Amino acid sequence: MMGLFTRTAPDQAFRLPKGGAIDRHAPLPFTFDGKPYVGYEGDTLASALVANGVRLVGRSFKYHRPRGIYSAGPEEPNALVGLRSGGRQEPNTRATVIELFSGLEARSQNAWPSLALDVMGLNDIASPVLVAGFYYKTFMGFPGWHFWEERIRKAAGMGSAVHIADPDVYDKMAAHCDVLIVGGGPAGLAAALTAGRAGARVILVDESDAPGGRLRSERETLDGEAATDWVAQTVAELASLPNVRLLTRTTAFGYYDGNTVGAVERLGDHLPVPAPHTARQRMWTIRARRVVIAAGATERPLVFDGNDKPGVMMAGAVRTYLNRFAAKPGQRAVVFANNDDGYRTALDMAAAGMDVRGVFDTRRRTGGAWRDKAEAAGIECRPGMAVVRTHGYLDLVGVDIAPLAEDGQTLSGDPSFISCDLVATSGGWSPNVHLHCHAGGRPVYDDAVAGFVPGTSRQAETSVGAARGRFSTTDALSDGAAAARDALEALGMAPASVDLPATEELGVSPIQAIWRVPTIGGRKGRRFVDLQDDVTASDIELAHREGYVSVEHLKRYTTLGMGTDQGKTSNMNGHAILAEERGQPIGEVGTTMFRPPYTPVPMGVLAGREQGAHLAPTRRSAMHDWHAENGAVFVEAGHWLRPQYYLKPGEKKSKRAMDRAIEEETLAVRSAVGMVDVSTLGKIDLQGPDTAEFLNRLYINGWKTLAVGKARYGIMLREDGIVFDDGTTSRLGEHHYLMTTTTAQAGRIMAHLEEYLQIHWPELKVSATSVTEQWAAMALSGPRARDVLAAAVEGADMSNEALPFMGVVEAEVAGCPVRIFRISFSGELAYEINTPADYGTDVWEALMDAGRDHGIRPYGTEALSILRIEKGHVAGPELDGRTTAADLGLGRMVSSKKPFIGSDWLGVEGRADENRPSLVGLTPVDGRTRIKAGAILVEADHKDGPTPIPKAGWVSSSAYLSPHVGQPIALGMLTGGKARLGETVWALFPLRNQAVEVRVVDPIFIDPDGSRLHD
Amino acid sequence: MAGPPSAPSGWDMSDYSIFSLLRQALGGHKDWARAWRDPEPKPNYDVIIIGAGGHGLATAFYLAKLHNVGRIAVLEKGWLGGGNTGRNTTIVRSNYLLDENAPFYEKSLQLWEQLSDELNFNVMFSQRGVLNLAHSDGQMDAFARRGNSMRLNGIDAELLDREDVRRMVPYLDFSENARFPVYGGLLQPRGGTARHDAVAWGFARGADQLGVDIIQNCEVTGFVRDGDKITAVETSRGRIGCGKVGFAVAGHTGYLASKLGMRLPIESHVLQAFVTEPLKPLIDTVVTFGASHFYISQSDKGGLVLGGDLDFYNSYAQRGNLPTVEHVVSAGVSMIPSISRLRILRHWGGVMDMSMDGSPIIGKTPIDNLYFNCGWCYGGFKATPGSGWVFAHTIAEDAPHPLNAGLTLERFERGYTVDEGGKGPWPGHH
Amino acid sequence: MLIITCPYCGPRDHSEFTYVGDAARTRPALGADTGDVFDWVYLRDNPRGRHLEYWQHSAGCRAFVKVLRDTATHEVLAVGLPEDTLNPTEDGAAS
Amino acid sequence: MTDASGDLKRPVSRRSALASVLQPGRYGAVRPGDPGVRLAERHPLSMVQIEARDDGLAALLDQAEEILGVRPPMTFGGTAGDGQPRILWSGPRRWLVVEPHGRDLFQTLRPGLTAPETAVVDLSSGRSAFRLSGLNARDVLAKGTSIDTHPDKLGSNRVAMTSLFHISVLIDCREANATVPIYDLYAARGYAVALWESLTDAAAEYGYAVDG
Ligand SMILES: Cc1cc2nc3c(=O)[nH]c(=O)nc-3n(C[C@H](O)[C@H](O)[C@H](O)COP(=O)(O)OP(=O)(O)OC[C@H]3O[C@@H](n4cnc5c(N)ncnc54)[C@H](O)[C@@H]3O)c2cc1C
Ligand SMILES: NC(=O)c1ccc[n+]([C@@H]2O[C@H](COP(=O)([O-])OP(=O)(O)OC[C@H]3O[C@@H](n4cnc5c(N)ncnc54)[C@H](O)[C@@H]3O)[C@@H](O)[C@H]2O)c1
Ligand SMILES: Cc1cc2nc3c(=O)[nH]c(=O)nc-3n(C[C@H](O)[C@H](O)[C@H](O)COP(=O)(O)O)c2cc1C
Ligand SMILES: [Zn+2]
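Protein chains in written order, with this note's numbering: chain P, 1 to 1015; chain E, 1 to 430; chain H, 1 to 95; chain B, 1 to 212.
It should be emphasised that the hints constitute simulated quantities derived from the structure, not laboratory data.
Since the structure is predicted, the reported quantities are computational estimates derived from the model, not experimental observations.
Backbone N, C-alpha and C define an ideal beta-carbon position, used for all residues, glycine too.
Any given hint could turn out to be false.
Unchecked claim - Partial pick of chain H residues on the chain E-facing surface, computed with a CB cut under 8 Å: (1) I3; (2) R27; (3) V41; (4) Y42.
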């Protein structure tokens, strides 16, 4: 406890006096858990915390163990913080990747009341019970799972999110290139230079703020200069090439089919808020002809007792903090490794003036250049030794070390204590094979690397450098250049000459694969494999004992690798331990499936602009602005905005206003005249000598006899005999027809026609073009419709004789060309007027003017629906994708003289079953009660149950008040259908505890003989 | 016939309870029995179930528990539960419209309510409610029809108006900005989620204890036929003789049926799912968007679990592509704007057995001793116990149970399709 | 992304197309006996591996194209017009 | 009866679908010098689609050339003519003839295209036309379409039919190589406002000017 506070000095006490890629002239204030600190431009939050001596940063998922910063990259399992506040608050942000900005606010997570004293820390004491999968074995009986679940959910989870909308916007970009290079370390840069100079279209993405990769973290030279100088020169040249695009702060998160790579560019995350007019993040969809994966490798820990304490850190991360950020992760350090990185790290720490208390190398027989160099520097090197236990709770105070037996499985001597505040540990490096696996590759185990390396590629991708286990800079450079040359050759491009810089690297001696470091006296200990999800070596042993022996079962039973880091540091160790338990080679036991994203991706950027109001584009009719100016309340229909009803000038939207408007609009049509915008109906222009034959095959009724200048109502079936759509088709010329469809099906019907013309019946000479958008359409209906039209129309006689029911003529209105179709959906004398959309408003206004003296009203979809229900016209609710023409009472339309799409099904048992409900009209027996759509029709003797209650049908459409009939009416589908006219059944609506006795009537409530249509 | 061999591990050591857990804790959990054995295939079984997903395992469990059919084996080409059972978004409900479906799914839901006890394995069945949102009057009417029909079938359902929905899930977009405003919704309070892997493991452990041989890494590659009977199955681990054979291979049904020269009313499509980083409790129920296919819930581990539309092309690959990812997530952030900054942790796909009317096929086939359990589309996880229960009956009695009588293979030819969505013979649209 | 090389428009994302489905079947003549129609409407080979299928370039030239694609790997092997018979080729173009 | 034409016996002005949203001016990010993007509507235009089946193709090409003085291009994605008229390939055996509103283009064409397999459809009101130009014009396209607009792929006088911000469009590349590329976009009239909003939203980052 003490340790923590004494070390937390707000003065960057752990910042080295010089060095590092930070700008000491640009101090940046920030807060962590409300406490103010200062870091520098160039810092990450993690490096700033390290520089300020902050060691305890979080609590683990399950046991709430105190945790510190473990790594310096995207693999971080421990240092997850809550970042920012308000609508920009984001949980689980890795402190190791977020760039420091002025005013940054971060909070620790998963701890209450405070990070230092977290009551849930008790879980750690209960840990013997809370082993892998314990919850599958209990919480079953009283008081039931729901009781426990509530508590477990609170304990689980990691950071907290808030329900405040995100104020930032997101963007998307498509990109195409010859060569995409993922990763800007030496391998990636060498590849980019080679491909870029050759003139190929190159994109290089790197997830960090600048290219360089590990070179930014190591004290290495290239051509005798600091390696970062070469990086700077290379980046400068690449930036100068027009054919090269450099994207930093850009993570390639997934590799998909067709050599498509998804990437996210963070444009604003390093700033307090994104720049004006700029998105916070941008998603790139990159289609590359060749992909070079230069994604590097991830260092993994050694699995020893107490390896999770604050103060235990990856060796490579220690070097990053020292060399790149000039920040000291500790004062007195112990190094524990199974490979030469231990010595490299010790040398860097010594050079930084830290007290290095020895390099403990699991390898008995080690030697080689690195060790010699370390010893030459006076660093104590202890072969065949291991750290076997750590001391301290909230912070590290020391470790026990002990000699390892030859096999590395047991201890060959007694432990001794060394006081220290830092353990730099390296268990080797795991190549980043993620993208290779997304692309369909299967990784293979390589003993030399002690890790999985890419297998055979399934797409046009190659991994290079550390990403395929070539861990030296020398190899990385040559590997990258070679891969680029291969890519160029494959693309038929001539390579340009690139001379790679000279390296001065020491040779490395082989790594010793050691997956579990023995514990003192074989005590169970706490050897963490997955630090975030608290999976220990003994959890893996338990899972194996219980039969969860496949890596995939192991993962799901223990949650190994299921945290925010997706096992970047833990999978290899975990799978190797399972292999040891199974006594099989690691390669055979295998590894779990790698899935996108490589690192977590915010949902906002995947959505981009297509969210909220822009989730889907909207369509507007030519008269939209008129409707808006005249009080229309819009409703969406098939992406169109349609007037639902019209408010009076200045009237507010309300239920009453709506009901009144709908009633008035309906009555206007029945008693005088009204006009509705029907531009949304699908319109398909059909031309060609075989059009009539085509229509004959599409519709259930006949078309050969339709005369020029006439319209006809038709019904189309799907291939399975179910009604697809209905509408009128008019013959405009010898070989010229205009088909109309419902608004909802317009798109599908167009595709339906194209499919038959292009695939099934190419012999038919017909061309089909959608003209929905060319023609504005309005329906003028009501007893006065003819008077209004006659007054407005020029160049055509509107008399009943000249333009009878189902007649079609062309004329002009207000100097605009129009097509007039005498067809009716409302059951009134009605005309549909089409005019080119650019004239839509002029024609609409001219007709409104002509209608003023006749009391014309614009009406919306609500009135339209009541009118068609009164007329017994079927629409969407009846055409529910399950009804046949006969069900809809349209069986008589079916032509027996010809086959058509769906005709083969008419006779089939299930489609002809007389128990199928069919269309009827319904009225309340009491003459008052509304019959709700969605009610179920039930015979009187069943209405009171018991359940299951047999169903006789349902109510499909309902008009709460038919101004014409003077009471509520409805359409429904009822077994027995019209044969039951006059009988009563019950319309049950249990969701609202309603039961209405209804009388079965003819579905045509108005003008059954159709005189209104014809006179 | 030989009765089921007794499980090798004594029932005691394998009994799960808080007491056994504490007892084991003292002993360092050294004595837990294997959850299931790893037996070598026997030369011959009375019933062979192909596919150790939830359905295959449940079928074997109920066969062994309720029907006297002799030796039973479940053959699994990979690791048990690794198919769609292991990759689904775990929504459990019985809110169906049609009478061929509703009673069956309700039976399944009732079995769910007892399942943890029945299996002595906590499958974490969480009845947190399933809420379907409506975005138009037409959709409200359709929901009313479905909800009323559920009630008449004795199934719980509630019709919510916009304000009811706002009270229940205030964080949806109720602003003017919403492209598809919320009109209301249909709620099934008894619906919810379950821990998918645990369902497979629980049934496997239960079946194993009843003597069923669960044979993993054993792919069925062909069949040996004698006229209208199948006498043996060819597998990657050799030929195994059989009395009866049941398919429970979901997305692989078409492929396996082709080995018998059969063509089925099924297409295999890829459906993707997504999980976010773990979070403290944020979303306490299951919510589905009505304007495009999208649904969300929160796992007990804390991840938001999202799903949506198919990729819309035939596929046997368990992965999809970006357009669907973008489409699904767009719907998500539009429905719940506050999740925009939360991060997708992982996304994957499963191979869906999409039937031609969107409803499953459980029953007999033209081959005497062959039975099908397939066509589950998006919705077979909720059916797991019910499907196993009726499929076991169908296999044991060589006749469908009344609950699956309407879900036969012949229904398509006879014109009795069970089309919940009214989408027609376009499997991708269901 | 499945990249489908439309014979008219060139390589395009599959998101520009509408999937139609199995192209190995041919629609029986109108009025054929129901057996064939049932087959055509409902039954599929649904192969794991090479699959002949129709896509419509609905956001582009609106042509229906025939695609030979591996349903296990999603690899597009060949693209052509409805009347073409497809053999897989290197570049994924019709032959 | 004859077929109706989109053109006028008596002059009535045609209304643009963008009437309510198009406001000339400079918007978005403020940059020194020219805005990154220029946007304008091209209206009114006459647009007529001509189409033939294989057997009528030869006749169509000859007759169209005869009437228009420009021969429809046979190459997929090709264009012909400089604007009086300009003929755009718009699908297999299908072309869109475009010119500024003036003579009755439909009636000019219809009588002369006599092959029975020829279809002529007036789309003058059915499409809205935009002009997108500027240094960042290609970036704006990249935000909404997946196609490769690199000059080597979509060069001058080439058209591509694709989807832009989820709306089907025909992109006519008028100038690809100059530092300031120029594109004409054609979209269904009903989507004009939605497309306009997406274009301006995408252009804001670069600063854009709307020309009257
Ligand atoms: C992304 C996604 C989300 C879903 N969401 C839901 C949801 O929310 N609610 C819901 O109810 N349903 C959902 N489903 C559907 C549900 O997951 C499935 O219907 C259900 O799990 C199917 O179970 P099953 O046992 O039939 O199939 P599976 O679990 O797939 O089991 C089939 C098994 O057969 C094996 N197999 C295949 N071929 C062979 C062979 N030749 N030999 C041996 N073994 C073989 C496979 O390896 C597999 O293990 C979803 C599915 C997916 C993919
Ligand atoms: N000491 C060792 O054993 C050891 C081990 C591994 C690597 N190294 C050193 O590392 C270097 C290897 O060079 P390299 O170029 O192969 O790897 P690198 O680690 O130097 O570079 C990889 C780069 O790829 C970026 N990256 C990774 N995944 C990405 C993604 N999905 N999207 C965008 N960017 C991503 C990283 O940010 C990094 O900049 C050499 O300098 C070598 O000495 C040493
Ligand atoms: C309901 C549910 C919740 C999941 N939660 C997580 C999770 O928290 N972390 C994780 O890494 N994966 C999670 N997964 C995804 C699995 O890791 C895995 O991707 C999925 O089961 C498919 O298997 P595969 O990716 O191995 O093919 C979850 C899956 C499901 C179905
Ligand atoms: Zn095309």
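Just to be careful: measuring from the Cβ of V41 (chain H) to every Cβ in chain E, is the smallest value less than 8 Å? 5 Å, holds
Would the hint on I3 (chain H) stand, with a C-beta cut-off of 8 Å toward chain E? Status violated, d = 11 Å.
Do the numbers back the hint for R27 (chain H), that is, is its least Cβ distance to chain E under 8 Å? 13 Å, violated
Have a go at the Y42 (chain H) hint: is there a Cβ in chain E nearer than 8 Å to its own Cβ? Since the shortest Cβ distance to chain E is 4 Å, the answer is holds.
Violated hints, in rising order: 1 and 2; the structure is consistent with all others.
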